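**Student:** Just so you know, the sequences run in chain order E and P. For the first sequence, the numbering used here gives the first residue as 218, with consecutive numbering after it. For the second sequence, the numbering used here gives the first residue as 23, with consecutive numbering after it.
In short, the hints are calculated from the structure, not lab data. Just so you know, these numbers come straight off a predicted model, no measurement behind them. Be aware that one or more of the hints could be misleading.
Restricting the straight-line Cα-Cα distance to at most 35 Å, the calculated cross-link-like pairs of lysine-lysine (DSBU-like) are [stated by the list, open to error]:
{"hint": "1", "chain 1": "E", "residue 1": "Lys-426", "chain 2": "E", "residue 2": "Lys-343"}
{"hint": "2", "chain 1": "P", "residue 1": "Lys-136", "chain 2": "E", "residue 2": "Lys-368"}
{"hint": "3", "chain 1": "P", "residue 1": "Lys-232", "chain 2": "E", "residue 2": "Lys-465"}
{"hint": "4", "chain 1": "P", "residue 1": "Lys-523", "chain 2": "P", "residue 2": "Lys-83"}
{"hint": "5", "chain 1": "P", "residue 1": "Lys-555", "chain 2": "E", "residue 2": "Lys-268"}
{"hint": "6", "chain 1": "P", "residue 1": "Lys-232", "chain 2": "E", "residue 2": "Lys-425"}
{"hint": "7", "chain 1": "E", "residue 1": "Lys-311", "chain 2": "P", "residue 2": "Lys-363"}
{"hint": "8", "chain 1": "P", "residue 1": "Lys-562", "chain 2": "E", "residue 2": "Lys-311"}
{"hint": "9", "chain 1": "E", "residue 1": "Lys-426", "chain 2": "E", "residue 2": "Lys-311"}
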Amino acid sequence: MEHTINVNLRIWRQRGPKEKGEFKDYRVENVSTGSSFLEMLDMLNQQLVEKGEEPVVFDSDCREGICGMCSLYINGHPHGPVQGITTCQLHMRKFNNEDTITIEPWRSAAFPVVRDLMVDRNAFDKIQQAGGYVSFNCGGAPDANATPISKEVADIAMDSATCIGCGACVAACKNGSAMLFVAAKVSQFALLPQGQVERARRARAMVKKMDELGFGNCTNTGACAAECPKNESLSNIARLNREFIKAKLAD
Amino acid sequence: MADIKNLEGMIDSTPIMKDYADIESSALPEYQIDSKIPEGPLAQKWTNYKAHQKLVNPANKRNLDIIVVGTGLAGASAASTLGELGFNVLNFCIQDSPRRAHSIAAQGGINAAKDYQNDGDSVYRLFYDTVKGGDFRSREANVYRLAEVANNIIDQCVQQGVPFAREYGGLLANRSFGGAQVSRTFYAKGQTGQQLLLGAYASLNRQIQKGTVKSFNRREMLDLVIIDGRARGIIVRNLVTGELERYAAHAVVLATGGYGRTFFLSTNAMGCNGSAAIQAFRRGAYLSNLAFTQIHPTCIPVHGEDQSKLTLMSESLRNDGRIWVPKKKEDAEAIRAGKKKPTDIPDEDRDFYLERRYPAFGNLCPRDIASRAAKERCDAGYGVGTGNAVYLDFKYAINRLGEDVVRDRYGNLFDMYQMISDDNPYETPMMIFPASHYTMGGIWVDYELQTSIKGLFAIGECNFSDHGANRLGASALMQGLADGYFVLPYTMQNYLSDQIKVKHPGTDDPEFDKVEKEVRDRINRLMNIKGTKSPDQIHKRLGHVMWDLVGMGRTLQSLVKAIAEVEEVRKEFYTDLRIVGSADDLNTELEKALRLEDFLVMAKMMAIDALNRNESCGAHFREEYQTADGEAARNDKDYMYVSCWKYTGDNEKPVLLKEPLNYQEIKVQTRNYKS
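With the rest of the complex left out, here is chain E (with noise of 0.2 Å):
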């Protein structure tokens, strides 16, 4: 059965993107078990309104983990301690009574703070602006039938699709990396028969975009598909790199 717990929690506090952030220490007591780690803090923002000061801002919206919007670094994981969850779905069934919760932003050159826990992921936008799609117009498709897929196929591809674009792998990167987010959009049009015709040129746009942005380089640590909530496997890593020297050749 559910019970409440106390929490001690540090949360990094910042007005602006330019502006200096440090540690604030709060505590909520009575949280039920049951309740989301976003309703803790919506918990907590009540109390802080209720003493008139600002509540701490975060982004969330779905909170059934599938809108991308939440973010949180927590106790030192992307979207907390739990794998292949984001933070909305992370519950207080999952820590103790008395434990002191760290709570920061997204850390990355290329998603720069916006206030408190809010990031500016703009960044994410742009790399599929450069090439993320398959070029046609609203009512020039042939029929949905008419080119079979293979069901192993889809799939694969239907797994890369999956990429929620929250940006943890990004934040779980030491060099900052957007590989893994690339990588996922990359494979899904790579896989499918509609991806074929701008498959080399979608590779190389998406990839000249990302390094244009400030993402760091993929040094093959593993950690962005170690805490992707939608469990983004490597090997969309793997088909980038291919599909990449692949373009790259025929040029």
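Using the hints, position chain P against chain E.
**Tutor:** Chain P in isolation, oriented as in the chain E frame:
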């Protein structure tokens, strides 16, 4: 009418309604509703419309600006398609990226009448199921068009690289959803909404790269600007800087989603709101059928007062899960007291109440019916968990198919359930209960998806058009994408064709000054209340009022009480609200307060609409109006119309206009899922 069991049904609410609506006014000519349904046989209407509508030539498209508010399935598909056509599109969202709109969370699937399964599907059958599912309260011509273009959506999405589920032979797989006897639902695991939205987002990104679409993130629309009777722009608040910004265009499209969070707890995302609809309402757009709010039957039950949102378990689970409660009250009591486990109850003591009451559709009956049946059992004392929960059991599917097959079909949903509830659904049945999920009602639009304000269009969940009194599963994605990819890009041109010579409505028009000042004044008013309650505290109170009194079962008394109680909450809002921080800065509390102020208007309008509708239909269940066996008793004679509410002032009575519903090619009958 003889089988109406509750004579309270005879209570006439007209005298009470007089306080809220001047029904007589609808006779005035300026209040006549023109839905612009094209002439001709139903199956030819859309073809004829497209053949004769006015278009805008490519050179002129470049000179026309269109604002699209929202980046969900409807907004992103409309923005990208309008961009592809060559218009200049300004696209806004409140999230940090267009990819995060709440369409992303749709799980189960998208309907289309491809008939790939050879099981007797057709455009007519999809149309018929949708109208019947909506309990004959949707506009026939719109629904037929929806069913017609649905097939194109699947083609479009496959070409975008959406990895739909496939059979071993490489062709697309389908599954069944509620309210249909065919398998017409396309899906991508339990993440269909995500994959479709990422498809639309990809098309949108292509246009952003080309420069036809400009994307504005973390911006919230706070008002609509109307110049000479036409929608010409919006005022938005930059959520990062707190600054107010102006944007002008030749037309404005709202794709801002539903108002399900009026109930506070819902399956909607934290940021979902009904504010754009209320802004449009106050500027002259009609709001329609607001009483039709969908309470989804399979959500994870509420756990406590500190909860911020509820989680949906996809309707697809009802393909293989069986819903039950104990047959014996003492078993239900023992389970609630923790003395018995569900697995202790033998099959003969389980009441599979959907299969018992609706043998033809069983566990796959439509959402409104499944939700109400769950409430009926819980109210009668058979609920489990806190008393407000029923079981969704996979024991039978696991015995029949094996655990591996069940894991393959629903693994991610089972994991999600286990994460939240700490129970293993492979071993013990899931507990579920209905929760606010989707709103069928919304901004009134005509056949062209234009509102009652010229140049203002509304698409996707935020309009009222296609789902009548109840939406079928896997139809929301269909409607959002149909509107955005295949309907609006045509119909808008019929409006824009005479705008090509109109001077670009710049943001220096005095009307922009005026509206921006009104927005600023409104923000200052709220900032200066300086009370003691946070927006969330007040919103929770509103949520309780709405769930208890305007929820799954409504009565004349509950609705009258709701209107009074919403007024009380409103009073508390205006006297005791506290917003910390400053207005000219990032301020999440101010964002919540502004949305809440609009939810308060929406709440009252929902109750008024429900009070006006003296019948039960679809998701709108007035307890006075039910048949002897507890089914909804519709009143086609008096209520076969779309209610259209016209704003007349903050403290004035809204005026009710009626758009009659005429069914040409469908026989209106009592909805039957029993045989």
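**Student:** Now tell me, hint by hint, if it's right for this structure.
**Tutor:** Going through the hints against the structure:
As the CA atoms of Lys-426/E and Lys-343/E are separated by approximately 7 Å, the hinted pair is consistent with the 35 Å bound. A threshold of 35 Å between alpha carbons decides the hint, and for Lys-136/P with Lys-368/E the separation of about 20 Å falls inside it, so the pair holds. In summary, the hint linking Lys-232/P to Lys-465/E is supported, as the alpha carbons are separated by about 24 Å, within the 35 Å threshold. About 12 Å separates the Cα atoms of Lys-523/P and Lys-83/P, which keeps this hinted pair within 35 Å; it holds.
Proposed proximity of Lys-555/P and Lys-268/E is supported: the alpha carbons are some 11 Å apart, at most 35 Å. Distance hint between Lys-232/P and Lys-425/E is fulfilled; the C-alpha atoms sit about 17 Å from each other, no more than 35 Å. Note on Lys-311/E and Lys-363/P: the hinted pairing holds, with a Cα-Cα distance of about 24 Å set against a maximum of 35 Å. Of the supplied pair hints, the one linking Lys-562/P and Lys-311/E holds, its CA atoms being roughly 27 Å apart against a limit of 35 Å.
Simply put, Lys-426/E and Lys-311/E have alpha-carbon atoms about 39 Å apart, too far for the 35 Å limit, and the pair is violated.
Hint compliance for this structure: hint 9 is the single one not met.
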